[in-house]
Amino acid sequence: MVKIEVRNLLMFYRLSGKFREFVELDKNKPKLRDLVTKLEELHGKQISDALIDPETKDIRYVPDVKKGKKAVRILVNGRMAWWLKGLDTELKTGDVVQLFG
Amino acid sequence: MRYAVPEYILRIDLSKKKIVKDPLPEELARNFIGGRGTNAKILYDELKPGVEALSPENILVFGIGPANGTLAPASGRYNVSAKSPLTGFFGDANSGGHWAADLRYCGYGNIVFYGRAEKPVYIWINDDQVEIRDARHIWGKDTWETEDILLGELNDPEAKVACIGPAGENLVRFACVMNEKTRAAGRTGMGAVMGSKNLKAITVRGTKGVKVADIQGLLDFREEANKLIATDLFYELYAKYGTAGLMTIYNEFGTHTNFNSKEGYWKGAEKLYGEVFEEKLTRHITACFSCPLHCSRFYEVKSGPYKCIGESCEYENLTAYGTRCGNDNLESVAYASTLADQLGMDTISSGATIGFVMECWEKGLVTKKDTGGLDFTWGNINTIIESLRLMAQRKGYGNLLAEGVKRMSQRIKGSEKFAIHIKGMETPAVDPRGVQGYGGLGYAVASRGGDHLRALAALGYSLPQRAKELFGTDKAADSFSTEAQGAVVKFHEEMRAVCDSLDICKYITRTALLLPETMAQLINVLTGWQVSRQEVLEIGERIVNVERAFNVREGLTIKDDTQPERMLKEPIPSGPAKGKVVNLKPMLQEYYTLRGWDLKTGYQSRKKLVNLGLNDIAKSLERMGKLAD
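Those protein sequence lines, which keep their order, are chains A and B.
So for the first sequence, the working numbering puts the first residue at 21; every next one is plus one.
So for the second sequence, the working numbering puts the first residue at 33; every next one is plus one.
One chain only, chain A, in its complex shape:
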């Protein structure tokens, strides 16, 4: 069991209704993609739809101008996941994950 602090910033505050929440993940070595799945369970598909590009199956680093989908970022302890291992970034208890868009 790993306990993560999630900060839903700006757009994600609007989508989740919570600025800060603590999320428990039932795995020994969960990854960022497991957290996204858990957040979808908690707040609905609108969260994962905003976070993940269905074509690349990666974080929406790039906007989809035609579909009107804006770019977003996920940070782990203040560092953009782009510089870590993206959705494969491992999480541990005490990590702070910030969703920004």
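Fair warning: there could be bad hints in the mix.
[Stated by the list, open to error] Okay, derived cross-link-like pairs now, DSSO-like style, lysine-lysine, Cα gap no bigger than 30 Å in a straight line:
(1) A:Lys77 to B:Lys507
(2) B:Lys272 to A:Lys38
(3) A:Lys77 to B:Lys259
Please keep in mind that the hints were generated in silico from the structure rather than gathered at the bench.
All values reported here derive from a predicted model rather than from experimental measurement.
Position chain B against the provided structure of chain A, taking the given hints into account.
Just chain B now, with coordinates in the frame of chain A:
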């Protein structure tokens, strides 16, 4: 046929009470576009080197560009430039609202002020009619009172007012020019230059149109721009939360100014986040001329000691009177922000000066004996508010506060290490230690001193793939990396110079519209010039080099392109950017090399200036012995 470029330069000699309307040369517009670019060239050509900034010999220039008054997105900006009383170098400030559009509808691209009026005056520009009017009855009034009185007097609710408040009249070194009550041309003390000329206000009302070269092209550009803007990473931040949303992200990144830059992250800052501001204080959303981003907020504190209304309590204001001073009381920050607008004072510099004294107080370098009884303990709200009033009037300790951080630190022994300014101008809200290119190099080389808007190197964060394509390495997009940051900052400086000269907003061009091919498209539909991507970059580089030459002429060397000692030597103590300092040297070397500036002196090379068509500037610097080979 000439399109979009304003027709005239208005020259007003306040000493001689003489008004001259000159044609705005096509060549000046082609080489410098307008706004900041033409202001810089006019100042270089007409201002004598070495004049005292608050003397009648200084020249004050207002400028707008070919985008103003059109459907170009966020085309409500203007620039005001002069030699700065804060830095002694190139002074320049930029503001939004609707004042610029009205000036454009009068047909003027620049207004150049010379001399000093014998008694306080204001200017009334009503299409072709230009008058110098008596302003003795509004001297001493704050900016809101001034606007109300003038609009009543002119009997035209559509007229627009740009004016100074008590801070400008009293020559506070960071006094600003305010238009439409809450829009500030904030930085480098342009309000003090206005005050030194006994010039209280410039009121404008224009009714003429603007002819653009390709109307359908402009409509198509606007439609595509709106789509790009609405899907940009920062869209919701600005559109829903205003710039207060930046408080959220930069504190979360751990690279935000707290306690005079002692900390990069502070939990107390959460009380000032955009989400909180939106829920507690926002009453409705407002926007500048032709802006689809609408980042302004009308706010209200309904009751209590900080009861107030206002507009545009920006990220910088929340930092200045909030986190920078260890104050997490949102309502008090909103109150201080409104007060600064009314007094006509730059929020960044005034807040930074108070924060600096608070650290002096903490270290025992300043006591009540020095401050006339004011208690500068961190977070003392009453002191923050009273300090603003005193500095605007230059009363008591306010007379020293009105000088800014650099001059204060020269008088307070032992404070130099935490005097947070560059070239004499207080630095903005983002802590440069966590953003090496954006802040570390960008602030250090900015022509107007400690400033984020000359470069605003944000492309890498928003479009990392594009940054890799442009600069050849994905490290260009890494805020902790120094790799390729010289190229990143140079590119952004050139594009920001073009935006400021068009004159459109940097937030609209923060990322989505920043690219030179996009700006070329906009320039071409407006003017019909058919400039290329490369020519856009060259225009930007030309403007940057004129400002550099101005500063070199005033005594700038490479030693001035630096950071405060704290940023270079003291690591951020906690948070996501823990352990970071600005690693300036390698970035500065790369930047100078790309710019063609001498690494020992900071002087420009003849070759670079000649290549940019600045032969006249090369000759003048050569005569002064300030030209590199």
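Do the hints match the structure? See the list:
1. With a CA separation close to 23 Å, the supplied pair Lys77 (chain A) and Lys507 (chain B) stays within the 30 Å bound.
2. At most 30 Å may separate the alpha-carbon atoms for a hinted pair to count; Lys272 (chain B) and Lys38 (chain A) meet this at roughly 16 Å.
3. For the proposed pair Lys77 (chain A) and Lys259 (chain B), the alpha carbon gap of about 23 Å is at most 30 Å, so the pair holds.
The structure agrees with every numbered hint stated previously.
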